[in-house]
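Chemist: Chains A and F, in that order, are what the protein sequence lines are. Residue numbers for the first sequence follow our numbering, beginning at 1 and rising by one. Residue numbers for the second sequence follow our numbering, beginning at 1 and rising by one.
It is worth saying that the hints were derived from the structure and are not from the lab. Some clues are possibly wrong.
[What the hints assert, rightly or not] Partner residues aside, some chain F positions facing chain A, computed with beta carbon under 10 Å:
(1) Arg128
(2) Ala144
(3) Asn224
(4) Val226
[What the hints assert, rightly or not] Residues of chain A clear of chain F, computed beta-carbon distances all greater than 10 Å:
(5) Phe104
(6) Ile210
(7) Arg212
(8) Gln237
(9) Phe246
In this text, a Cβ means the ideal position worked out from N, Cα and C, and glycines have one as well.
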Amino acid sequence: MAALARANPIVVLLAGLLVAALLWLIIAPWPPGVTGVMGPKRVFLAAILSGITLGALYFLVASGFTLIFGLMRNVNLAHGSLYLLGGYIGFEVADRTGSWLLAFPVVFIIVAALGVVLQYVVFRRMEGEELRQTLVTIGLSIVIADLLLWIWGGKSYQILTPDFLSGPMDLPLITAVRSDGAAVYLRYPRVRIWILIAAVVVGVAMWLVINRTRIGMLIRAGVDDREMLAASGLPIQLVFVLVFAFGAGLAGVGGIVGGTFQSISPGEDTRFLLASLVVVIVGGMGSIPGAALGALIIGLAEQIGLVYAPTYSVVFTFLIMAAVLAFRPQGLLGARR
Amino acid sequence: MAVAGEARLPAGSASGGWLARVPPALWVLALLALLMPAFANNFILFQVFGWTFILGMIALSLMFLAGYGGMVSLIQMTVAGLAGYLVAILGPSGTEQVSLGLPWWINIPAAVLIATFFGTLVGALAVRTEGIYTIMITLAIAAAFFYFTRQNYTIFNGYSGFSLVVPPQLFGIDWRQPVAFYYLTLGCALLSYAAVVYVARSPFGLALQGVRDNARRMAALGYNVVWHRILAYGFAAVIASFGGILLVWQNAQIAPGTAGLPAVIDILVIAVVGGLRHPVGPFIGAFIYVLLSSFAPDILQALGLAPDRFKLIVGIGFLAVVYFSPDGVLGLWERAMARRRNRTDPLTGLPR
Numbered sequence: 001m002a003a004l005a006r007a008n009p010i011v012v013l014l015a016g017l018l019v020a021a022l023l024w025l026i027i028a029p030w031p032p033g034v035t036g037v038m039g040p041k042r043v044f045l046a047a048i049l050s051g052i053t054l055g056a057l058y059f060l061v062a063s064g065f066t067l068i069f070g071l072m073r074n075v076n077l078a079h080g081s082l083y084l085l086g087g088y089i090g091f092e093v094a095d096r097t098g099s100w101l102l103a104f105p106v107v108f109i110i111v112a113a114l115g116v117v118l119q120y121v122v123f124r125r126m127e128g129e130e131l132r133q134t135l136v137t138i139g140l141s142i143v144i145a146d147l148l149l150w151i152w153g154g155k156s157y158q159i160l161t162p163d164f165l166s167g168p169m170d171l172p173l174i175t176a177v178r179s180d181g182a183a184v185y186l187r188y189p190r191v192r193i194w195i196l197i198a199a200v201v202v203g204v205a206m207w208l209v210i211n212r213t214r215i216g217m218l219i220r221a222g223v224d225d226r227e228m229l230a231a232s233g234l235p236i237q238l239v240f241v242l243v244f245a246f247g248a249g250l251a252g253v254g255g256i257v258g259g260t261f262q263s264i265s266p267g268e269d270t271r272f273l274l275a276s277l278v279v280v281i282v283g284g285m286g287s288i289p290g291a292a293l294g295a296l297i298i299g300l301a302e303q304i305g306l307v308y309a310p311t312y313s314v315v316f317t318f319l320i321m322a323a324v325l326a327f328r329p330q331g332l333l334g335a336r337r
Numbered sequence: 001m002a003v004a005g006e007a008r009l010p011a012g013s014a015s016g017g018w019l020a021r022v023p024p025a026l027w028v029l030a031l032l033a034l035l036m037p038a039f040a041n042n043f044i045l046f047q048v049f050g051w052t053f054i055l056g057m058i059a060l061s062l063m064f065l066a067g068y069g070g071m072v073s074l075i076q077m078t079v080a081g082l083a084g085y086l087v088a089i090l091g092p093s094g095t096e097q098v099s100l101g102l103p104w105w106i107n108i109p110a111a112v113l114i115a116t117f118f119g120t121l122v123g124a125l126a127v128r129t130e131g132i133y134t135i136m137i138t139l140a141i142a143a144a145f146f147y148f149t150r151q152n153y154t155i156f157n158g159y160s161g162f163s164l165v166v167p168p169q170l171f172g173i174d175w176r177q178p179v180a181f182y183y184l185t186l187g188c189a190l191l192s193y194a195a196v197v198y199v200a201r202s203p204f205g206l207a208l209q210g211v212r213d214n215a216r217r218m219a220a221l222g223y224n225v226v227w228h229r230i231l232a233y234g235f236a237a238v239i240a241s242f243g244g245i246l247l248v249w250q251n252a253q254i255a256p257g258t259a260g261l262p263a264v265i266d267i268l269v270i271a272v273v274g275g276l277r278h279p280v281g282p283f284i285g286a287f288i289y290v291l292l293s294s295f296a297p298d299i300l301q302a303l304g305l306a307p308d309r310f311k312l313i314v315g316i317g318f319l320a321v322v323y324f325s326p327d328g329v330l331g332l333w334e335r336a337m338a339r340r341r342n343r344t345d346p347l348t349g350l351p352r
């Protein structure tokens, strides 16, 4: 950090000022002047929080994608289909058993099993043939999308929030101060806050596994030099299958989360595939912290854009991606190859 | 998938000139194409062949980039869609509050120019990356364009898009009549086919194929690799724009879905199923696709399935092609021919 500050002090200073301004906007009650320019603080805070929680969902989906790509160079454009499948199965499980929590292990196991099949049938046979993998997974996503449409129809489903997570909660963030001096706190859906916490936990756990355990060591070695790891006689194919299953399962679990705080319908698969693509392009291919940073940036850009410039919110996302490509093609936290 | 290009050079000015070197099968095909209106009905002319030529042109632009440049770009349908939108925005359409109503000799060149500029710009971004990244980036930009047209009402008229976009009445002919439209699309398709064949054999095209095979070596030889790639995007964008304009004229309307993600993927499917090694591949792929989409409902109904499972058939067919024959239908054909040739004994030349 200190070395970075010494290398380019102006950039760091500007970034620090920006962060400070943002923190002030979030924490302090707004004077009337700021409200006049940007509208009520409640709207701003809600946009920020929706951006962060949407980023959490994007992270859940994109981290599997980036992990799979980083380790195996497998391009799985059927990742969005896994998300959608997870959402539908999660809906069925939650609807029939009435237990929202039960949906998570069930979906994780089913979608992870599908991931294992994909790895054995498709990717293992086409190792290194990126274009062919892309084409086959595009074909798979067409077929899966139509099968899902066949089974579940064109309706949009919403997975019901369980009782212990429904309703709003007060956050320690002041939105306004009443005339009698009492502060008004922001009320926000409880389920979203918990999803954010869960995503952070998943992210930290992934980081710990990758950086502190033996299997994580294998994965990191595989990312760096796959051939060398295979030549050392380690069970690389087993690691591949495990990582693919985990990434696929995470996408399926993402489907439940997405179905709970948004909804699932045909077309969501391409939306989330696209979000994953943009997130990993911005964050850097194969990097988990990169996926987190990219997901946060894209989620925030989308939601803030939606509130303050509804027509152009998509363009913001795109402009961020183009800027990253133009100035740092390997992604913000990607390793230079 | 190894996309081997057409490395053949023109065989020089051998006896009889180029006319004598055209194989007889091609003469029959050309005659058939020219005389088609004499025996085909309007549906076949307008819906089947018109659409085949249009989709073939857009897929041809992808084939040029992928086959000769080694860059699989998913932006081609978006470039086509933008050109179509521009014709509707600049020219006359049923949506009068947005359309400017400029005459055809301004709006068509302007549409092609702007769409080509857009395609080149995207190319300039995409060539900073390679292989799979190109696919992802162009896919992301294509999707951004789709969502943008759907949300923007001031320029692109949002969800509803533009209706009543018809070709101009030129030389007293209504170009949307089936026979006239058939010849119009046939002419455009032939022109773009010839252009691709010509460019592929020109010094630029040969250098591009060199860049595809070994970019580092070409750079060492003094070729500007980046500019060759960007120019290839520009050339492909011109073909795609003309295809897009024809597509709007055929449908007489354009909406965000015209360049939506399913359409973008369809173009890739068409080009790959046809084959990326020769410019005729995209047209074969487009013909198969159009036949499937025109007649699949009837076939599905005959098999006792719901007629809206068309996508499933296309998806499974595509999957089968890329899984078993990565170089498409053309590759199947070439392998069959090679097997026939190999049936002769290599020593004596006699059939075994």
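Chemist: So, for every hint listed, does it hold in this structure?
Modeler: Quick rundown of the hints versus the structure:
1. Arg128: Given a least distance of 5 Å, the restraint on arginine 128/F holds.
2. Ala144: holds (4 Å)
3. Asn224: Cβ of asparagine 224/F sits 18 Å from chain A, so the hint is violated.
4. Val226: With a closest approach of 13 Å, the valine 226/F hint is violated.
5. Phe104: holds (29 Å)
6. Ile210: Isoleucine 210/A clear of chain F: closest Cβ-Cβ about 23 Å, beyond 10 Å.
7. Arg212: holds (30 Å)
8. Gln237: holds (21 Å)
9. Phe246: holds (21 Å)
Of the hints listed earlier, those the structure fails to meet are numbers 3 and 4, in rising order.
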